[in-house]
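Novice: Residue numbers (this note's numbering), protein chains in the order written: chain A, 1111 to 1338; chain B, 226 to 337.
Where hints are given, some of them may not hold.
As the list claims (entries may be wrong) - Across the chosen pairs, the derived CB separations fall in these ranges:
hint, chain 1, residue 1, chain 2, residue 2, range
1, B, G258, A, R1135, 56 to 66 angstroms
2, A, E1270, B, R260, 48 to 58 angstroms
3, A, R1221, B, Q253, 10 to 20 angstroms
4, B, R260, A, Y1168, 45 to 55 angstroms
FYI, nobody ran anything at the bench for these hints, they're computed from the structure. Every residue gets a Cβ at the ideal spot worked out from N, C-alpha and C, and that includes glycine.
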Amino acid sequence: MTPPRIGVVTFPGSLDDRDAARAVRAAGGESVPLWHADADLRDVAAVVLPGGFSYGDYLRCGAIARFAPLMGELIPAAQRGLPILGICNGFQILCEAHLLAGALTRNAHLRFRYRPQRLRIESTSTAWTGAYGDGAEIVVPIKNMEGRYAATADTVRELEADGRVVARYLGGNPNGSIADIAGIANAAGNVVGLMPHPEHAIDDVYGPGPDGLGFFTSAVTTLVGAAA
Amino acid sequence: MSRVFVDVMLKPEILDPQGQAIAKALPQLGISGVRDVRAGKHFVLEVDDSVTEETVRRIADTLLANPVIEDFAVRSSTDGGPSTDQRHPPSAGEGGAQRPRSPRSGVADRRP
């Protein structure tokens, strides 16, 4: 079996691309570096948009990254069903690109929040959460300043009704996100955005434990199954 | 050349913790009576005459503002007030921004 090629995008100011690539490899995938300025997805079968501060978070988090040449390829590919996981800044970019509903705004308490965060996986029917059991509780790091998920009441109702809330905060909402939302999916389930960082929690050596690896094994399993 | 202003504000229903923090700081200056503060962004664009108002609105709608959470208003330096169907009222202090800040903008040719 050839490991599926999973791209990890580096923007100017990305921080977590190395950890995301490491997580892809730990899950059995081949990590493929993608460069923001190259309009080339390099035949990858899935893409991770990592955390960080693309373009210094100028204007709004993700607002400038959304117009990078690579995004000109990625947006139509996502609309055609390419699995995309946006983590933290990656989630912000996906919202700015309108691939996901709503937006990420300044934490309600105006403090940077950095801690291990307990989550409940609310949907296992996305490309990135199939490896988890229904309602699984996991602990992964959270670290953000603009992590408060905001959307209209209608959008939240729609997300809830369609089972598109992918993960919810447990043990205290770290940033004031509406309905304790930590992650959401698009209608097709191939695009997922997540504020906490599963790529920092893939083994017992670093981070709070291995709970985050499931996001990456989910994609690898989906892609291997699709190829078989 | 003319000068165009774009004001971007969070939609009224979106919590603005930055504005709240500013409002909470005012009593420390001995100022009372300010009930609410909303913080926004003010952009100043120097544009050629070939840049239409429609283009400026496109810039505002796609990049300067995120229409999911923010409203914007566009004004040119020759306008007495907002030039478009702005979705939030101008605040009391905004008039100052309409005054040309350089001699050049005061004499520049305006778009129709």
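Novice: Give a verdict on every hint.
Specialist: Status of the hints after comparison with the structure:
| no. | hint | verdict |
| --- | --- | --- |
| 1 | B/G258 <-> A/R1135: 56 to 66 angstroms | holds (60 angstroms) |
| 2 | A/E1270 <-> B/R260: 48 to 58 angstroms | violated (34 angstroms) |
| 3 | A/R1221 <-> B/Q253: 10 to 20 angstroms | holds (19 angstroms) |
| 4 | B/R260 <-> A/Y1168: 45 to 55 angstroms | violated (31 angstroms) |
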